[in-house]
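Enquirer: These are the residues of each chain, in order.
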Amino acid sequence: MSPSRSDVMKIRGVFIEDTFAEAFTMRVARIIITARSARWVRAAALKLTGFATSVIGCKVEAGIERELPAKETPDGRPGVSVLMMTMGKDDLGKRLIERIGQTVLTCPTTACYDGLPEAPDRVGVGSALRFFGDGFQISKVIAGQRFWRIPVMEGEFLVQEKFGMLKGVGGGNFLILARSADAALEAAEAAADSMSARPGVILPFPGGVVRSGSKVGARRIKSMIASTNDAFCPTLRAVTASALPEGVNSVLEIVINGVDTNTIASAMKTGIDAACRDGVVAISAGNYGGKLGPHHFYLRKIMSGASG
Amino acid sequence: MSILAKLKGPLSQRVDLSEVLAGSWATLSARELSGRRVYLERDGGARLGDLFELAGSPEGRIRFVGQLDQADRLGAVLTEGEVIVEGNVGREAGLAQAGGRLDINGDAGPRAGAAPPGFKRGMTGGELIVRGSAGAEAGGGMRRGLLVILRAAGDRTGLGMIAGTIVVFGAVGADAGLWSKRGSIVAFGQVSPPPTYFYACTFQPTYLRLLLTRLRSSYGLPVQPRHLNGQYRRYSGDMAELGKGEILAWTSK
Numbered sequence: 003m004s005p006s007r008s009d010v011m012k013i014r015g016v017f018i019e020d021t022f023a024e025a026f027t028m029r030v031a032r033i034i035i036t037a038r039s040a041r042w043v044r045a046a047a048l049k050l051t052g053f054a055t056s057v058i059g060c061k062v063e064a065g066i067e068r069e070l071p072a073k074e075t076p077d078g079r080p081g082v083s084v085l086m087m088t089m090g091k092d093d094l095g096k097r098l099i100e101r102i103g104q105t106v107l108t109c110p111t112t113a114c115y116d117g118l119p120e121a122p123d124r125v126g127v128g129s130a131l132r133f134f135g136d137g138f139q140i141s142k143v144i145a146g147q148r149f150w151r152i153p154v155m156e157g158e159f160l161v162q163e164k165f166g167m168l169k170g171v172g173g174g175n176f177l178i179l180a181r182s183a184d185a186a187l188e189a190a191e192a193a194a195d196s197m198s199a200r201p202g203v204i205l206p207f208p209g210g211v212v213r214s215g216s217k218v219g220a221r222r223i224k225s226m227i228a229s230t231n232d233a234f235c236p237t238l239r240a241v242t243a244s245a246l247p248e249g250v251n252s253v254l255e256i257v258i259n260g261v262d263t264n265t266i267a268s269a270m271k272t273g274i275d276a277a278c279r280d281g282v283v284a285i286s287a288g289n290y291g292g293k294l295g296p297h298h299f300y301l302r303k304i305m306s307g308a309s310g
Numbered sequence: 531m532s533i534l535a536k537l538k539g540p541l542s543q544r545v546d547l548s549e550v551l552a553g554s555w556a557t558l559s560a561r562e563l564s565g566r567r568v569y570l571e572r573d574g575g576a577r578l579g580d581l582f583e584l585a586g587s588p589e590g591r592i593r594f595v596g597q598l599d600q601a602d603r604l605g606a607v608l609t610e611g612e613v614i615v616e617g618n619v620g621r622e623a624g625l626a627q628a629g630g631r632l633d634i635n636g637d638a639g640p641r642a643g644a645a646p647p648g649f650k651r652g653m654t655g656g657e658l659i660v661r662g663s664a665g666a667e668a669g670g671g672m673r674r675g676l677l678v679i680l681r682a683a684g685d686r687t688g689l690g691m692i693a694g695t696i697v698v699f700g701a702v703g704a705d706a707g708l709w710s711k712r713g714s715i716v717a718f719g720q721v722s723p724p725p726t727y728f729y730a731c732t733f734q735p736t737y738l739r740l741l742l743t744r745l746r747s748s749y750g751l752p753v754q755p756r757h758l759n760g761q762y763r764r765y766s767g768d769m770a771e772l773g774k775g776e777i778l779a780w781t782s783k
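Chain order of the listed sequences is X and P.
Heads up: take any position in the first sequence, counting from 1, add 2, and you land on the numbering used here.
Heads up: take any position in the second sequence, counting from 1, add 530, and you land on the numbering used here.
In short, the hints are calculated from the structure, not lab data.
Hints may contain errors.
Sample of chain P residues at the chain X side, in silico, Cβ under 10 Å [claimed, not checked]:
#: 1; residue: T695
#: 2; residue: P735
#: 3; residue: E776
Keep in mind it's a predicted model, so treat the numbers as computed, not measured.
Every residue, glycine too, gets a C-beta built ideally from N, C-alpha and C.
All chains should be modelled from the sequences, with the hints used to inform the complete structure.
Expert: This is the structure we're talking about:
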């Protein structure tokens, strides 16, 4: 718990801890999926971003960035943009090929485009998936970009040959410390809703919310790379070095990944502001002492309007 | 600003402009371009400046104005920049074009974007837009790139195509895509595929939506919802060759 809790920063009565969220540099790709209708866009996007909450167990973190109206997509159909993030370049290429190949290629009426055309760093995706066409695939160059038409039973799957990659930031976060589980959930829902559909940001966890924040390593099993964040578990208050103020009975975490630090800081400000409501005691953040991640998002700086 | 090339007077004989925009030209001044060689059918070699008045500053764009029906091979072997022609052009416009944009606001004579005589490869890149009709053998031997014809296309369009895309908004003449290996001929108007093409299915090619959406936004072409949302009959051919080419014929059914 921060010793400076007495240096009061409160938003609608909710105490803002004098601490920071510690985040990491990741590689990010933006995938644009289009389909004949919003139904099939969603179907593909949900599968593409499924089981992609944390690189710890999923190898990739992904989420729907926003829905795109037909006038904003390359082929004039309804679409969605998805951000996919990994820790390394090579990993990102593999995950894109696996996931687009298994979830978008397979979904009726979809097409898949690069959403970072200006990124100089590029990874082959369509160039690998084309082999599914077994020699019947057709290459087309449109406006200097190569696309692959892969024949499928429904018709054709269109996929861009290469996708751009940028350095992004993963692990921006804040913790909602509430008097009850209901209050924590209500505040977390409000925060997640306020941050959804912001360009450049995804919330990779279910509904944007994490109930099982983790610490690095484990007390018992040394080979584990992460285990429960006992300092923030209300049920362990009496048996561990708790970081929870009195009156806190439930904690939920919001994890934010984005294309850059400013985007994440801006989203955090919006989310924290939305989370400051009745039943919430304090807002805190997860960090590792500042030794692991190069990006530090100081809650008070963010909420006072300065850059995190 | 761009360079304006205005024809000084009506052409009394055919002129070959194949060397005017070949190689690097986009950074050349009006004066430098004036010195490029042209060949008159009867009088032989001359300079571009003898026929055209050139003005403006180089910005990778040149606009030709005048009655150019007798001007042949304009934009031949084009590799860069944007070339706009206000009116009709003669034969073999964009011959073996390799890059850049050639936008003809009128009709093009025979063999636009085709391969030079004696060569197999026609266009190998770039975009050639003919806002009127095109003569026979447009896109002949095309290897890569895009050729769009807003009105009718002559006989043997895409003759011996190796790859690339030809889009024809109007009717397409006989024997389109004959002897093609790969490549796509998209026809919104009447088209009769050669007997060596075989019907495959009627479907909506997504890539066509992508292409047409871009043509509408980049060139202001009259792409209609029926083109974007329509069904296309796919014919595969030429089966006398590799058979990996296609004719996509728009259908109202």
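Enquirer: Now tell me if each hint is right for this structure.
Expert: These are the hints, each one checked on the structure:
1. T695: holds (7 Å)
2. P735: holds (6 Å)
3. E776: holds (8 Å)
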